[in-house]
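Undergrad: Sequence:
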Amino acid sequence: MSALASTLQRFTPKPNARRIGPIGLECSLTALHLVQMEVSADHVISVSAVASTPYPESREALLASPKKMRALVRQALATDRFRGKQVVTTLPAADTRILPVTYRVHEGQSSDAAILEVLKERIEGDLKDYVIDYLPVRSGKHSGEHLAIVAIARHDAVIRYLELLRKSGLEIKQLEIGPAAIRRVVSAIGPRDQHTNVLAINFGRNESYLTVISGSRLLLDQSVRIGETALLEGVASALEMSVDAVRKLVSGSGTAPDAAPPQHGSTRLDIDIEETLQEIIKPMLLDLAEEINRVLVYTASQTHGESVSQIYLMGSLARWKGMDQLLDSLVKLPVKTIPDPLEPFGSNNKSAAVSKQSRPEIAVATGLALNGMLENDGY
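Each residue of the sequence shown is one higher than the one before, starting from 0 at the first, in numbering that gives the first Met the number 0.
Quick caveat, the hints were computed from the structure, so don't treat them as lab data.
In this text, all values refer to a predicted model and were calculated from it rather than measured experimentally.
Be aware that a few hints might be false.
Said to hold, decoys possible - Have a look at the derived ranges for each label pair, beta carbon to beta carbon: (1) ASP155 - ARG69: 19 to 29 Å; (2) LEU332 - SER250: 45 to 55 Å; (3) ARG69 - LEU98: 29 to 39 Å; (4) GLU120 - ASP271: 48 to 58 Å; (5) ASN205 - ASP155: 28 to 38 Å; (6) LEU285 - ASP41: 45 to 55 Å; (7) ARG73 - ALA299: 24 to 34 Å; (8) ALA93 - ILE19: 24 to 34 Å; (9) GLY168 - PRO282: 47 to 57 Å; (10) SER39 - GLY168: 39 to 49 Å.
Ideal Cβ placement from N, Cα and C applies to all residues, glycine included.
Given the sequences, and given the hints that come with them, work out the whole structure.
TA: Below you can see the structure in the form of structure tokens.
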């Protein structure tokens, strides 16, 4: 082989070359979550790197300090073999308002213009002060009505967040909204040969989000005024304890209903604590159960009678042991904490630990990392 041919061969892409995806980055309530995927020439997706780095202080304090954020990002990137600095991210929930918008597109009008026309009546102030994005959900062929999930954020909040990440040495490839990431990861972990309707409940501090995915299509996303804070305060009031003490209590105890068998090694005191927590928490979840039932009816109306077959929990309350079983007893549907969203992909990186356990905390970051990686990523 000539020297020229040898040199050309070195620089010719090999058929088994792998493409590295962007880093999915989420600033959750308690930790910075990073996930990166890679895809082979034959379209097999695997995990390239993953990290969950707890905040040294509150998220609010961290987001207000570029210096502290830069240090945390560097710490997280150093825990695994992340490649590149491109990220797909989503704004913290506190800075984003997500709402369903029904609109009609008139002749000669774009969907963008039609949505903005509706928003002028629903949003206070000048729309120029906001960054607006939307996901189409459905179109009524006969009625002419369209439905979209619209995300709205103050322009200054978006710029502040993007600048924070830029100063941390990152390059923003795309800013997404949470429901898009959730839709992507739920579609990825679901059965590939079946069309199912899944409800994902992402619990936040003060609000939670109910997202319905039909096959690979986003069908609904709505917020409900229930979150971890309300439950912690309710339990604290009932037990006359501090919120911090209750947080430690629920992290070490279960909330599963009476039908659940006791955990191996449970003492009588452990069981008494669990039963007490069940009695306090269960009535507090009734409003959520009602909202879920409304979502089930809506889903059936939009899918020719096919209701939700599975409910996945993610976010803060998903970390409460037994919460899935407790909610299951209220809605009479299979409810479980979302499985490890990385598990279906495997890993070619020994340091990218892919567990068999539920990891609800990295679901959104995984969905962000899958941006542009899935064949069925359209609507």
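Undergrad: Look at each hint and say if it fits the structure.
TA: The hints, checked one at a time:
Distance hint check for ASP155 and ARG69: the Cβ-Cβ separation is about 21 Å, which falls inside the suggested range of 19 to 29 Å. Between LEU332 and SER250 the CB atoms are about 26 Å apart, so this pair departs from the stated range of 45 to 55 Å. Between ARG69 and LEU98 the beta carbons are some 33 Å apart, a value that agrees with the proposed interval 29 to 39 Å. With their beta carbons about 54 Å apart, GLU120 and ASP271 fall inside the hinted range of 48 to 58 Å.
Between ASN205 and ASP155 the beta carbons are some 22 Å apart, a value that contradicts the proposed interval 28 to 38 Å. Between LEU285 and ASP41 the CB atoms are about 50 Å apart, so this pair conforms to the stated range of 45 to 55 Å. Between ARG73 and ALA299, the C-beta spacing of about 49 Å breaks the proposed range 24 to 34 Å. Range check, ALA93 to ILE19: Cβ separation about 31 Å, and the 24 to 34 Å hint holds.
Between GLY168 and PRO282 the Cβ separation comes to about 48 Å, which falls inside the hinted range of 47 to 57 Å. With their beta carbons about 28 Å apart, SER39 and GLY168 fall outside the hinted range of 39 to 49 Å.
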